[in-house]
Each structure stands twice: as C-alpha cells, then as structure tokens.
Amino acid sequence: MLTTDEIKALCDQNKLFKVTPNDWRAPIERSIYVSPDLHHFLYGPSSGESQDRYRTKLQRLFDRFISGQAITVAFAPHLMGTEIKRLSSRRREVWEFKIRDKRRPQLRVFGRFADAKIFFALTGPVIRTNCDYPAEINLCEDSWRNLVPGKTPVYGRTLSDYFGSTKVVPRGNP
Amino acid sequence: MTISAQQKSFLAEILEDRPIPEVTLIYFRERFRDKLHSAILEAFLIRAQEKDLKQQDLAARIHRTKAQISRWFNAPSNLTLDSISDLMVGLAMDFDAFPFTPIEETVALAERAEEITNQGEASIHDTDNFKAAIKNLLFWLEQLRPSGEKLSDWLSRESAGGSESALPAPAIGAESKASEKIQGPPRGSRKILPFPDLSQRGSEEPQIEIPKSGVGG
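From first to last, the protein sequence lines are chains A and B. Using this note's numbering, the final residue of the first sequence is 174, and nothing's skipped along the way. Using this note's numbering, the final residue of the second sequence is 391, and nothing's skipped along the way.
Don't take each hint at face value.
Unchecked claim - Each pair of labels, with its calculated beta carbon distance range:
| no. | chain 1 | residue 1 | chain 2 | residue 2 | range |
| --- | --- | --- | --- | --- | --- |
| 1 | B | 234 | A | 9 | 31 to 41 Å |
| 2 | A | 91 | B | 315 | 41 to 51 Å |
| 3 | A | 142 | B | 279 | 45 to 55 Å |
| 4 | A | 45 | B | 234 | 49 to 59 Å |
To be verified - With a straight-line Cα cutoff of 27 Å, these simulated DSSO-like cross-link-like pairs (lysine-lysine) come out:
| no. | chain 1 | residue 1 | chain 2 | residue 2 |
| --- | --- | --- | --- | --- |
| 5 | A | 102 | B | 209 |
| 6 | B | 240 | A | 98 |
| 7 | A | 98 | B | 209 |
I should point out that these hints are in silico values taken from the structure, not numbers from a laboratory. Yeah, the Cβ is synthetic: ideal placement off N, Cα and C, and Gly gets one too.
For reference, chain A alone in the conformation it holds in the complex:
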C-alpha cells in the first residue's frame, strides 16, 4: 500500500492523475488515479464521437465509484454483469472497470487498489470482444511494478478493505 505522500509525489511527476468528478453535487468518498494514457483518453483531444461517448461513460463510472454510490462488484472472473470485477486470482489483484454501451462494443479499463478506497486505473481502455485477458492482467501488473516498484496492492479480506464502509453489492467473496 502507498502513503498519501507517495501518491502525491507520483502526481507531481505526472505519472498519475487524480480524477475529478464531473458531478459537482456528489460527495467524495473514494479516489481514482489514472495513468497518463488514460488521462489522455479522458481529457485529451477527442478522435470523434465514439471516443466522446466512451470517455463520458468512463468518467461517469469513475464518478459513481468516487461518490460512494451503491455499486455492484464481482470477486471472481466467472461472475458476469457487474460494474467492477476482480479479474485475476486474489494473489494478482487486477481489477476491471466496465464501460457499457448498448450500441457499441464494451470497453474495459484495468487497475489495482493502492489502498482502501484508492484505485489506480493503469491500462486500457480495450475493446471487450478483442480483450486478451491474461495479457491484460500481465500488462496491468507490469504497469504497477514500473509505477511503484516494490509496493504491493491491497490484498483485502473484506469488502471494506477495498471499498470502505460505503455501499457495495458483492458477488462472490473477497
């Protein structure tokens, strides 16, 4: 796990960017930090309507996580349909955030919990149908190791180890 000072240092070096919710009325219950690539995807120049749509939906999903609104979480790769899922075995601790769109392919963003209520979104977005999950899990682990060598992500035993005391509807067990 990382200290607040360590996270701030990563932000100062532009290795991570804190996500500010667009929802001006929502409380701040959790934090999300994104990699430079994801920051560019969210806030950089748009390649067109499709990117606009996807990044708006990703921003909204992040906002929902940050605000502590009730959210569904799966703790095993085979459990489908939730908004957030722990993909890999507990030992690897790679999570995905799901960007859904009824008219377009779904996208996935991957990352790890740096502490309770603090998520680092490191890799993606990738199109769900083309997603090579084992490769994405490795990529996410590598990104973590490059970003914070020697640091471990959260290996939680309870929901609150990841999400704090706010509302989560789990599927599977931490």
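Model the placement of chain B on the given structure of chain A, informed by the hints.
Just chain B now, with coordinates in the frame of chain A:
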C-alpha cells in the same frame, strides 16, 4: 460540496442557456440511471439487513428468476421503468415525489462553499476571520436545513450520503413524518439567498457563540 473549474466548465452550456453538447446529455443520462440504480441497490441492502432478504426471495415475490434480478442489479443499463417499479415494490419500498433542483442554485451554493473553505484555510491562524467563516457557514447551513429537522440530525444524514442517494426510498407504510424527514421541505420552501459578505456583519447574522478555546488554536 465545493466546485472545481473543471466542473464549472462542464456545466457551462447548461448555466449559460446555450445548446447542450451531446456528451453532456450522455453524462446526465448515465447519472440519472446511476441514481435510480443506486437507490434500488440501497433499498435492497436495507431489506437484506433488516429481513435477511435474498435476491432469490425478491425474485419469487415479483415472479421473476434469480438470474433476472441479478441482471437488473448488476448494471444501471439493464433497468427499464417497469423493472425499476417491480423491484421497488418487491422490496416494499416507494419512491418519494421526484424532486428537482435548479442547477444554477446548486452551483451557486457550491461556489460559496468553496469560498468559505478557502477563507477558512487562508485564515486558520486569524481567529476573528476564522470565527466569521464558521458563523457564516452555520448561518447558511441553517438556511438550507429542512424545516422541522434539527441541524445536527440533518448534518448526520447528509454526511452519511443521505442527500446524494438520489431518490430516497422510505418503506411503504412508513408514516408521513418519516417521509417528510427524508424529503425535506416542500419545493420552494428552501431559502436560497445571497451569501452575506464576511466583512459586513449586520443584524441578520446569526448569534452563535463559539467557544474561545478550540477555534483558531
């Protein structure tokens, strides 16, 4: 509740009565769905705690399969108006009257909160200014407090996320007093007034005693 430059920029077209970009419309659609979805999940969590209700039980009550309930719970995009209604009835929960608030009022409030926060931070060692900032904050909290509810009760509820849980869901059968407490005052009864200038402390200023110790160090 404060507001950042990014958030103000995001709301610019709405506040300036200009055509609203498609991405903003998409964001607000998602936000609306999220609020309904969160309200249902929270209602379920409450019933699960109170009555040990399982998704299987809920499914039986509304003549659906557990898989269908699971799909509805999993993501906001799976919900329809009908499924929202069925789930809430199955949970014996009712939506309150659908509230709405002019966005410009919420932004003005957030901007003032930002200013007060900044004043508090800037003058943390200046006891008089700090007291004034606290008084100002308390004054405005009093203005926003739902009528008939103690400030401390309201703040406890707000800090627990009460106002942000979208459409609060009192149990069917709960008496109107409970419903009033959750809903707050009728629309139009909240006073949204311009914030008083800290330097102009007039007779309208609330008379709130602040202990000498514990404020401003």
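Evaluated hints:
no., hint, in the structure
1, 234/B x 9/A: 31 to 41 Å, "violated (54 Å)"
2, 91/A x 315/B: 41 to 51 Å, "holds (48 Å)"
3, 142/A x 279/B: 45 to 55 Å, "holds (48 Å)"
4, 45/A x 234/B: 49 to 59 Å, "holds (52 Å)"
5, 102/A x 209/B, "holds (19 Å)"
6, 240/B x 98/A, "holds (22 Å)"
7, 98/A x 209/B, "holds (18 Å)"
Violation of the numbered hints given earlier is confined to hint 1; every other hint is satisfied by the structure.
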